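Residue numbers (the working numbering), protein chains in the order written: chain A, 14 to 72; chain B, 2 to 450.
Note that these hints are calculated values from the structure, not bench results. Each hint should be verified, as a subset may be incorrect.
What the hints assert, rightly or not - Have a look at the derived ranges for each label pair, beta carbon to beta carbon: (1) L40/B x A40/A: 45 to 55 Å; (2) K73/B x A40/A: 16 to 26 Å; (3) I16/A x R328/B: 13 to 23 Å; (4) A51/A x A248/B: 24 to 34 Å.
What the hints assert, rightly or not - Which chain B residues face chain A? A few, computed with CB under 10 Å, are given here: (5) V63; (6) G71; (7) G244; (8) F306; (9) L309; (10) T394.
These numbers come from a predicted model, not from an experiment. We put the beta carbon where it would ideally sit given N, CA and C, even for glycine.
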Amino acid sequence: MRIAGLMLLMAGWALVVLALILLPATAARSAFLGAGFAVEMIGLVLAMRRQLPPSEDTA
Amino acid sequence: MTLCFVMILLIPLALAGMALVNAGLGRSHSASHSMLSSLCVISVAAIAYMVCGHAFAGAAGVPGRQLLLGGKPWSVLGASPWFLGGLAREFNPGASQGAMITPLVALFGMLGAALAALVPLSAGADRWKLGASCASTALLAGLIYPIFFHWAWGGGWLAQLGANYGLGQGFVDCGGAGAIQVIAGLSALSITWVLGPRRAKYPAVGVVAAIPAHNIVLVLLGCLLLLPGWFGLNAGGAMLFNGASIAGLPLVALNTLLCGAGSALTAVVFTKVRFSRPDASLTANGLVAGLAASSAGCAYVSPFFSLLIGVGAGLLVIFTVELLETRLGIDDPAGAVSVHAVAGVWGLLSLGLLGRLPGTAAGIAAATAGTAYGGTAYVSGGQMLAQVVGVATLLGLMLPASYFLNRLIDRFYPYRSDEDGERLGMDLLELGAGAYPEFLIHGDEYTQR
Chain A
14 MRIAGLMLLM AGWALVVLAL ILLPATAARS AFLGAGFAVE MIGLVLAMRR
64 QLPPSEDTA
Chain B
2 MTLCFVMILL IPLALAGMAL VNAGLGRSHS ASHSMLSSLC VISVAAIAYM
52 VCGHAFAGAA GVPGRQLLLG GKPWSVLGAS PWFLGGLARE FNPGASQGAM
102 ITPLVALFGM LGAALAALVP LSAGADRWKL GASCASTALL AGLIYPIFFH
152 WAWGGGWLAQ LGANYGLGQG FVDCGGAGAI QVIAGLSALS ITWVLGPRRA
202 KYPAVGVVAA IPAHNIVLVL LGCLLLLPGW FGLNAGGAML FNGASIAGLP
252 LVALNTLLCG AGSALTAVVF TKVRFSRPDA SLTANGLVAG LAASSAGCAY
302 VSPFFSLLIG VGAGLLVIFT VELLETRLGI DDPAGAVSVH AVAGVWGLLS
352 LGLLGRLPGT AAGIAAATAG TAYGGTAYVS GGQMLAQVVG VATLLGLMLP
402 ASYFLNRLID RFYPYRSDED GERLGMDLLE LGAGAYPEFL IHGDEYTQR
């Protein structure tokens, strides 16, 4: 799950960069920048989902 | 330039403060290990930055390595000499004041690397081996931090967003909210993922165990040292990378103090209301979060907005510390992820929302000379987009890079100490003696179970 989240983070960043390079119109660029950032947020949520510790030790 | 040099010389106070905060928030049986690790990672960061960091970071006026993307130049990496080569020439007796800029940028960058390296140390407290923390620091100070440094401060593609794509003034980060704080906070997150939580933190049954700070006096003394250190950080950054003059520095210092004060008081009031008593460690976290958030726009926001940014940082840090610890299973003893990454991101975005940046080069000069609220200053939607691109780069590229590279090092040189490190303490395991040998504060720390 964490790896998938990190991959989504990178995909979102790629969207942001591609929007800068490929879209000259301000509105379309802004929309794609927002979409890329939204994808990153989804990736961050996936990457940060709780993973319980490996130990059963309760100290 | 002389004043800038003096400001930069204040930054070591922030290093001392951060080391004290880290040691105080950890456990007593790892206190001297924490302080020794701080000294070691500062040294490793300085050397790694000298070897290759400055070369990757570059400096203003030194052309970087460029790619041509969509017909626009993207400066992706600095092209300064390795091993700080060529700096000796800057100090010949006939050198002008302007010739000091490159050595000052190198000194600022080196101290920034050291400060960034101290942050993950707190996230790995009580379980991160000394050698492993040094290896991770070399990665941070020699590669990850310098690359973003170049993009934001060395004339890189983020700084060029304004010139290339009309996004305000490009990505703006006066004192290192992104280049130092968020990078460091995300590196801390990577370290918590790689190390996993302390064994006592999440019992198989029952609630999450609270492992309180062992010496809150050290923590609060550290906060008091962080304050002047942050004046140096923000003022030095504003002068070096935003052209602030002497007249603009009082505003930078005012905003730094107000942001930290707003955040600390928010934490005091919120914890008093919620727990019936103010919580000292969360208040310390609040102060540092406010300082981290102030770094982004300290030269470009009004004192009132700076206070608001501080209040926002204080609220964010309280909520996210609890969220990360109790819901997301992230064992971060000093709250480094919330304090540095979350507050830093908030500072960067709030600059886009509340900052009044000038629209022209002449306007920038007026703003940094202390007249930021004249006719040329305005809030720009394009600036907000530039800040979003910067934050997206931090989250979408620097976080995965930090995690995967740390994971790679961990495969060859395991980061985490064995079980004895947590049971006996890192002091006994790696140093052979505790920080407080005349006291037996917690008997179970020294008793074989």
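Exercise. Go through the hint on L309/B and say holds or violated, using the shortest Cβ distance to chain A against 10 Å.
Key: 23 Å, violated
Quiz item: With a cut-off of 10 Å, does the beta carbon of T394/B approach a beta carbon of chain A closely enough for the hint to hold?
Solution: At about 6 Å, which falls below the 10 Å cut-off, the nearest Cβ of chain A leaves the hint on T394/B intact, so it holds.
Quiz item: Is the gap between the beta carbons of A51/A and A248/B within 24 to 34 Å?
Solution: 41 Å, violated
Self-check item: chain A contact restraint for V63/B - C-beta distance below 10 Å
Solution: 24 Å, violated
Self-check item: Verdict for K73/B, A40/A (Cβ pair) under range 16 to 26 Å
Solution: This hint holds: roughly 19 Å between Cβ atoms.
Quiz item: In this structure, is the beta-carbon distance linking I16/A and R328/B contained in 13 to 23 Å?
Solution: Check passed, 21 Å falls within 13 to 23 Å.
Quiz prompt | Status of the hint placing G71/B at chain A (closest C-beta pair under 10 Å) | solution = Holds, because the Cβ-Cβ distance from G71/B to chain A comes to roughly 4 Å (cut-off 10 Å).
Practice problem: Grab the minimum C-beta distance from F306/B to chain A and call the hint holds if it beats 10 Å, violated otherwise. | Solution: 23 Å, violated
Exercise. For L40/B and A40/A, compare the CB-CB distance with the range 45 to 55 Å and indicate the outcome.
Key: Between L40/B and A40/A, where Cβ atoms are some 53 Å apart, the hint holds.
Quiz item: Does the interface hint hold: is G244/B within less than 10 Å of chain A, judged Cβ to Cβ?
Solution: Violated, about 25 Å.
Consistency note: the structure conflicts with the earlier hints numbered 4, 5, 7, 8, 9.
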